[in-house]
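*Asks:* The lines below spell out each chain.
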Amino acid sequence: MSETNVFEPKIIAYVCNWCTYLGADLAGTNRIEYPSNVRIVRLPCTGRIDFNLIVKGFEMGADAILVSGCHPGDCHYTAGNYHARRRWTLFRELLATLGIDLERIHFTWISAAEGKRFAQVITDITEQTRRMGPYEDYRKICEAPQC
Amino acid sequence: MLEQLRQTCRELLEEKKADVIIGYGQDTEGPGTHPVFITKPEDVAQLVWSDRCFANLTVYLTNKLILATYCRPAVIVKGCDARALVVLEKDSQVNRETMTAIGLACAGVGEPRAAKCAACDVHMPRHTDLVIGEVENAPVAPSPRYAALEEFMMKTPPERLQYWLGELSRCVKCYACRQVCPMCYCERCLADKNRPTCIDTSAHLKGNFAWQITRAFHQAARCVGCDECTRVCPAGIDLRLLNLSLARAAEANFAFRPGLDRDAAPAVGSYSLQDKENFIQ
Amino acid sequence: MSEVISKESLHQLIGGLLAAGKRVAGPSAIRPGHVLVVPIVSPDQLALDGFIRPENSIKEFLFPRTERLYGYKFDGPQSVELVDGDAAATEWVILGARPCDAAALPILDHVFNWDTKDEFYNRRRDATTIVTLACAEHDRDCFCTSVGLGPAAEKGSDAILLPLGDGQFEVRCLTEKGKTLFAGKTRVSDKTAQISAGPAKKFEPGKIREFLEQNFEHPVWLESTLRCLGCGACAYTCPTCHCFDIVDEGNAAGGCRVKNWDSCQFAMFTQHASGHNPRACQPNRQRQRIQHKFRIYPEKFGEILCTGCGNCTRNCPVGLGVQSVLVSIEQHS
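Chains as they are written, first to last, in my numbering: chain A, 1 to 147; chain B, 1 to 281; chain C, 1 to 333.
Keep in mind the hints are simulated off the structure, nothing from the lab.
According to the in silico footprint, chain C covers these stretches of chain B (three or more CB under 8 Å from chain C): (1) 168-177; (2) 226-236.
Now the stretches of chain B that chain A is said to cover, found in silico as 3 or more residues with beta-carbon under 8 Å: (3) 147-153; (4) 156-163; (5) 211-219; (6) 245-252; (7) 272-279.
Calculated lysine-lysine pairs in the BS3-like style (CA-CA distance at most 30 Å, straight line): (8) K276/B <-> K116/A; (9) K140/A <-> K22/C; (10) K73/C <-> K193/B; (11) K56/A <-> K276/B; (12) K193/B <-> K10/A; (13) K193/B <-> K56/A; (14) K140/A <-> K73/C; (15) K191/C <-> K177/C; (16) K193/B <-> K90/B; (17) K73/C <-> K10/A; (18) K56/A <-> K155/B.
Beta carbons are placed, not taken as given, at the ideal position from N, Cα and C, and that holds for glycine.
Work out the full structure: start from the sequences and follow the hints.
*Replies:* Encoded structure:
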C-alpha cells in the first residue's frame, strides 16, 4: 500500500539568542528529537523582533509561526522581552481584526535550560498545524492575480 | 468666535509672537475649507471656522518646508488635532516653547457628522495655549468609542478576512493616508526602504496587506483617531477600523489613550512588570 | 432619427456579456458616498446617475496599478530562467466611463507609442471597449471645457450614451468595436439628447502655456502649493497621469519584475542614488506637474495632458488640484 501524501507544515520560529536558541541547542546536545518542520531564525532578543517578521513569515509560506524568548525578568538585555510582550499584545488584536488565524501564531518563554520543553513545544505546534492544514488564507493574499 | 479667532491671530502676528498662522481658509466655491498659511496681520480675514474644517493641521509641524520657512508657527487645532500635538511632543517632534497652539471648541465636523464625532470627549481641546469658543463636553464611556469596531468583530474571523480582502484590493498605494497623518513623520518611511525592500511597493493584495498592517501597527497607541486617513483615502477603505482595533487594545490592556495626558509615558516604548500575558505559553 | 436603448435593455446587454464570460467594469457605489470604477459581476452594481463622476479613472484597465512584466527563476549560481508575462490581455468592456476618462486614451497613446511601443498598454487598449456616458451635470471641480473637451465629447470612446432623461439613452456608435457591441440592441427613435453646456471656462490654456514658458521661477509656485502634502492621490486618480516605477519582487529563488504606478509628487520620485534630489521641495514637484501637463506634453505631442475631470481636486486631502494652481497662474499673468 503506497503512502498517502502527508502534509508537512512549514513552521518558522523567531527566537532570541540567549534563551530559546540555547534551549534548542540543549535539545540537540541531549539528542532529544523534534520535528524538522521548524526553521529557526535567531535574533539577539525578542525586543528586536519586528512584527513585520511575522507578516513576512506568512508571505514566505509559513503555516505557523513561533516567537519565543527569555522569561520575564531573565532577559539578557534586561527589558527587551517586556517591550516585546507589549507589542505582541497589541499586534494580536490587529491580526484578529484582519481575520488572520491567531491559532497559527504562538508565543512562548523558553529558557536556555528548557531543552526538553523546546522540543515538546515544536512537536505540539507541528502536530497542531498538521491537523489545521496549510495556511491557505495567506497564500490567497500572496497569489492574488493582478489585473 | 470667528472674530475672536481672527483678533487673536492678528495680535500674534503684530506682536511677532508667531510668524505664520496655520489655519483654515474657505474654498473659492462651496462650503469646503482648506489649509492656509497667514503671515500678514491684514490677511487674518481669510481665516474661517465651520463644520467643514476637517484637516488636522498639526501635520504641518513636521513638514520640512514649513520648518525651513517659519520658526514660530501658530497652529489652529480642534480637540482631536490637539491630541496629536501631545503625541508629537512626547515623541520629541515639536517644541511647544517655539509654537502656539490655538484650540477651537468644536461640536463636530462633516455633513453628515463624521463617525469620530459621535464619541468625542475633547469638544474643548486640551493642552493648547488657549481655547476659543465653548461647547459642552461630557466624558464618554469607552463603549460608544469603539462601537463600530465591536459591531465588526461580531463577524467570524473568515468573514473579517473576506471583508479586508475586498477592501484592501482597492488600495492603490497613493500614501494619502500616510501623508495626511501627523504621526507619520519619519523622514524615510519603511515603505520606501529598498536594498532590501521590506514592504512590496506594488498595489497587489500582498503589498497592500503588508503596507496597511505596517502603518496601522506603527500607529499603535499613537493614533488619536482624527480619522483623516479614512476621509482622504481615494479608494474609500475603512482604515478607521484598523486604528480603532489598536486604540481599544491599548486602552483595555494598558489603560492608555494617546494624546490626553502630557505626562503619561507612551504605551509603546514603555512597559510594566504587570503586563498581562495570558496568550503566552 | 437616432438609436436609443433603455436602461433595462442596457442591463440585459451587460447580463449577456457577463453570462458569456466577458469582463465588465463600470462605476459602482462601493460604500455610501464612494463611487469607483470597478469590475462588476451583476448589472445592478452599475451606477449611472446620482454622482458627478467616479473617484478613480478607467486607466487601471489599460495601465494597471501593478503589472507583471515577466518572471525569473535562479537555476543555480550562474543561470537565470525567464518566465514570460501573460500573452493575451483580458478583454474588458467599460460601461459608464465619462468623456474626461475616454478622452485621456488618445492622449496617452502618444507617450506609450513614442520612442518605443509599450506592448502591455497596446494589447490592453486593443482588448478594451469604452462606452462613455455623457454628463448631465458638473460641479465646481470640473473644467473639461477649459481643455477643449465637453460633457458629450466623443474623443477616445467606442460608443457614447447620452441620457434622454426618461431612463433611456441615445446611443452613438463611434467605432467598429462600439458598433459590434450594440448591434441589434438598440431601436430607432425620433428623440435626440439635449447636451448640457458644461462648466464655464476657468482659464485659457494658451495663456497658461505662455506663462509656463517664461516663469520657471516665480513666487506662484510656493504660494499656491505650500499646503501640498506630497501624496499620490492626484496622480493615481488622474486619467492622464502615466508615470511608473519598475521594481523586482522576489527572493533567493526568483521573483518577477513589475511595473507600478508612481507619482511625481512623492519626495523620492527624483531621488538619485548619490543622495541628490533635483526636485527637493514640494513647490518644485508641483511646478513640474503643471509644466509637464500644460507645456511639455503639448510641445512634444500636441496634446494637453489633462482632461479637466477634477479628480485631482476632489481626491486631494487639502483640496489642491491643477485647477487651483492654474487659476492662480492666470491671476498672475
